[in-house]
Amino acid sequence: KAGVTQTPRYLIKTRGQQVTLSCSPISGHRSVSWYQQTPGQGLQFLFEYFSETQRNKGNFPGRFSGRQFSNSRSEMNVSTLELGDSALYLCASSPGFDTQYFGPGTRLTVL
Amino acid sequence: SQQGEEDPQALSIQEGENATMNCSYKTSINNLQWYRQNSGRGLVHLILIRSNEREKHSGRLRVTLDTSKKSSSLLITASRAADTASYFCATDETGANNLFFGTGTRLTVIP
Numbered sequence: 001k002a003g004v005t006q007t008p009r010y011l012i013k014t015r016g017q018q019v020t021l022s023c024s025p026i027s028g029h030r031s032v033s034w035y036q037q038t039p040g041q042g043l044q045f046l047f048e049y050f051s052e053t054q055r056n057k058g059n060f061p062g063r064f065s066g067r068q069f070s071n072s073r074s075e076m077n078v079s080t081l082e083l084g085d086s087a088l089y090l091c092a093s094s095p096g097f098d099t100q101y102f103g104p105g106t107r108l109t110v111l
Numbered sequence: 001s002q003q004g005e006e007d008p009q010a011l012s013i014q015e016g017e018n019a020t021m022n023c024s025y026k027t028s029i030n031n032l033q034w035y036r037q038n039s040g041r042g043l044v045h046l047i048l049i050r051s052n053e054r055e056k057h058s059g060r061l062r063v064t065l066d067t068s069k070k071s072s073s074l075l076i077t078a079s080r081a082a083d084t085a086s087y088f089c090a091t092d093e094t095g096a097n098n099l100f101f102g103t104g105t106r107l108t109v110i111p
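Here the protein sequences come in this chain order: A and B.
Take the first sequence: its letters are residues 1 to 111, numbered as in the numbering used here.
Take the second sequence: its letters are residues 1 to 111, numbered as in the numbering used here.
No wet-lab data here; the hints were simulated from the structure.
Treat the hints loosely; a few may be bogus.
To be verified - Listing some non-contacts, in silico: residues in chain A with all C-beta distances to chain B over 12 angstroms:
1. Thr14
2. Gln44
3. Phe64
4. Gly103
Unchecked claim - Dumping the calculated BS3-like pairs for lysine-lysine here, alpha-carbon to alpha-carbon at most 27 angstroms:
5. A/Lys57 <-> A/Lys13
6. B/Lys70 <-> A/Lys57
7. A/Lys57 <-> B/Lys56
8. A/Lys1 <-> B/Lys26
By construction, the Cβ of each residue, glycine as well, lies at the ideal position given by its N, Cα and C atoms.
Let the hints inform the model, and build the full structure from the sequences given.
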């Protein structure tokens, strides 16, 4: 099976802009989770979707949002970008409540 | 905030030696997972141990879990240069694909 794919791999934006990141899970996986990784805060959970419903949400401001489509593909959106949003955004898929398989990540740089 | 703390933060060993990394966490868990990350890329799942298990093996990896001490260890035997990476423990508290990651151990294996 193909692994988790994320697009784009690299992105440069300026403060105040918004960005949308995409994640395609492993075929058959219905759960998609998003994480942010920064040198200062490490890996932090953003949210998780299962069958198009958000089941869990981490402690991030409302500028961070996401959604999941009927084919399990997921997008996350960050509005009004801040410098501190520069990070590696990782998506992970899972067949249920178990091992998560991570994509290569999207490296976002906010200038 | 992150759930786990890992020790040591960095570890440098010669090829062929064993590497041991420790992880401590704060609350009750459903399972604990170990991941590897190479140079800011995506995370690779190594092994999952459930809260009712005490030890698990996978190839050169051995993981132990002590729920009374809220700690886990990852042993990599006969290390190789290709094992050079950052290693993270991640706890799943509720079985809901909401992982809390540790701070990571940076392992360097010298050829």
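Okay, the hints, checked on the actual structure:
At roughly 22 angstroms from the closest C-beta of chain B, the C-beta of A/Thr14 stays outside 12 angstroms, upholding its exclusion from the interface. Look at A/Gln44: its CB is around 7 angstroms from the nearest CB on chain B, not clear of 12 angstroms, so calling it non-interface is violated. Every CB of chain B lies more than 12 angstroms from the CB of A/Phe64, the least distance being 15 angstroms, so the non-interface label holds. At the 12 angstroms boundary, the C-beta of A/Gly103 falls inside the reach of chain B, the nearest C-beta of that chain being 5 angstroms off.
Distance restraint check for A/Lys57 and A/Lys13: the Cα-Cα separation of roughly 25 angstroms lies within the 27 angstroms cut-off, and the hinted pair is therefore satisfied. Between B/Lys70 and A/Lys57, the direct Cα distance comes to roughly 24 angstroms. Compliance with the 27 angstroms bound is thereby established for this hinted pair. About 30 angstroms separates the Cα atoms of A/Lys57 and B/Lys56, which puts this hinted pair outside 27 angstroms; it is violated. A distance of roughly 36 angstroms separates the Cα atoms of A/Lys1 and B/Lys26; the hinted pair therefore is violated under the 27 angstroms criterion.
When held up to the earlier numbered hints, the structure conflicts with 2, 4, 7, 8 and fits the remainder.
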